[in-house]
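Given the coordinates of chain W, work out where chain C should sit on it, guided by the hints.
Number of protein chains: 2
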Amino acid sequence: MKIVVLVSGGGTNLQAIFDAIDNGSITNTEVAGVISNNPGAYALERAKKRGIPALCVSPKQFASRAEFNDAWLAAAQSFSPDLVVLAGCLVVISEAMVHAFTNRIINIHPALIPSFCGKGYYGLKVHEAALERGVRVTGATVHFVDAGTDTGPIILQKAVYIQEGDTPEILQRRVMEEAEWIILPAAIDLIANGRIQVEDGKVHIADYTFGTI
Amino acid sequence: MKIVVLVSGGGTNLQAIFDAIDNGSITNTEVAGVISNNPGAYALERAKKRGIPALCVSPKQFASRAEFNDAWLAAAQSFSPDLVVLAGCLVVISEAMVHAFTNRIINIHPALIPSFCGKGYYGLKVHEAALERGVRVTGATVHFVDAGTDTGPIILQKAVYIQEGDTPEILQRRVMEEAEWIILPAAIDLIANGRIQVEDGKVHIADYTFGTI
Numbered sequence: 080m081k082i083v084v085l086v087s088g089g090g091t092n093l094q095a096i097f098d099a100i101d102n103g104s105i106t107n108t109e110v111a112g113v114i115s116n117n118p119g120a121y122a123l124e125r126a127k128k129r130g131i132p133a134l135c136v137s138p139k140q141f142a143s144r145a146e147f148n149d150a151w152l153a154a155a156q157s158f159s160p161d162l163v164v165l166a167g168c169l170v171v172i173s174e175a176m177v178h179a180f181t182n183r184i185i186n187i188h189p190a191l192i193p194s195f196c197g198k199g200y201y202g203l204k205v206h207e208a209a210l211e212r213g214v215r216v217t218g219a220t221v222h223f224v225d226a227g228t229d230t231g232p233i234i235l236q237k238a239v240y241i242q243e244g245d246t247p248e249i250l251q252r253r254v255m256e257e258a259e260w261i262i263l264p265a266a267i268d269l270i271a272n273g274r275i276q277v278e279d280g281k282v283h284i285a286d287y288t289f290g291t292i
Numbered sequence: 080m081k082i083v084v085l086v087s088g089g090g091t092n093l094q095a096i097f098d099a100i101d102n103g104s105i106t107n108t109e110v111a112g113v114i115s116n117n118p119g120a121y122a123l124e125r126a127k128k129r130g131i132p133a134l135c136v137s138p139k140q141f142a143s144r145a146e147f148n149d150a151w152l153a154a155a156q157s158f159s160p161d162l163v164v165l166a167g168c169l170v171v172i173s174e175a176m177v178h179a180f181t182n183r184i185i186n187i188h189p190a191l192i193p194s195f196c197g198k199g200y201y202g203l204k205v206h207e208a209a210l211e212r213g214v215r216v217t218g219a220t221v222h223f224v225d226a227g228t229d230t231g232p233i234i235l236q237k238a239v240y241i242q243e244g245d246t247p248e249i250l251q252r253r254v255m256e257e258a259e260w261i262i263l264p265a266a267i268d269l270i271a272n273g274r275i276q277v278e279d280g281k282v283h284i285a286d287y288t289f290g291t292i
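Chains as they are written, first to last, in the working numbering: chain W, 80 to 292; chain C, 80 to 292.
Hints are computed from structural coordinates only; laboratory data are not their basis. It is possible that some hints are incorrect.
Copies of one chain are not kept apart here, so a pair can be met inside one copy or by any two copies together.
[Said to hold, decoys possible] Keeping only pairs whose Cα atoms sit at most 30 Å apart, straight-line, the calculated DSS-like set for lysine-lysine is:
{"#": "1", "residue 1": "81", "residue 2": "128"}
{"#": "2", "residue 1": "281", "residue 2": "198"}
{"#": "3", "residue 1": "204", "residue 2": "281"}
{"#": "4", "residue 1": "139", "residue 2": "81"}
{"#": "5", "residue 1": "81", "residue 2": "281"}
The structure displayed is predicted, hence computed values, not measured ones.
Just chain W, same shape as in the assembly:
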């Protein structure tokens, strides 16, 4: 399976994918390219170090959002990927792109959808909201991207407990370490190996026990 990874920042989830490929927990998968909307994203360096094509497609290069959306989609399509992976990518994916890759775009969200998701919930804001509500359990979700924000079929989720004294920054890091870096590679491996079925907006994974990773 050929994947293209879309990023906006440091690329720790991209690194988790590289590590999982190297240690064999993702099989049958090649990262064909990495695309960032942000020229300063360290994720681009991570890709270059592995000799993987790394592109920047910034909204600032275009006169309109529509032109950027076209270029963003074209950049992804240029790698002919089987799967598009949003790995800490803050770009809102256009409807045209969702339709071009139906059930072939996945995203990692740093909360247990349907909690703390939707418009306005991204990055640290997600963890600020969880702490503000005083929940004890949060986590991360890998889901297929549909036309809504964080509304697509859920593939995997993993719970993370909040502790007294957690700040948004501490919690963000713990959710990455304990959940995101585990379930995003696991979802890619399941897709690469034909384990995932989507039916009536719900994901089915035969012979799989949830909560064991």
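Structure of chain C alone, referenced to chain W:
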């Protein structure tokens, strides 16, 4: 600490409280009385078997909701409890009762608040909604009751993984066994032993690690 337990049905959460008192995982706590809105609730039998006063206060005995609310509150107050525990209690608690017992009423909800909670989410409907959304993680929440529905300060939560083939009934039972029967007694013990502080609508528990029970 004297508690009164309000119930509507079989009373498995009430039984979990009795068991936790018997095995010493709840200390410094006495169940002073059990009150049901439903005369057929098996929870009343569980109380009687232990020699604990068991009352039924049914809305059908009253001409109006206001009169029932007054009688329901009076019944709880008749035991002079330090804490009111809603253990599978489907009665909507009146504002007068919330004010009479500020931060002294706790409820168990069979989901990870703020997911699948609020008006209309009770009993099997909670689990139907979780399965319909296709989430992988659900759980239970113990929280203080305020004037809203499932909006009060959260004390404890515990995650439960959903599995392929789960029905609402299977999931309801697993959430009880793996979460409700554990965190409801644990929350009572923490309160009985002065471990809980409520500040700015959030619960703090000093020297406690979440996710270990």
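query = In ascending order, which of the hints set out earlier in this document are inconsistent with the structure?
reply = Of the numbered hints, all hold.
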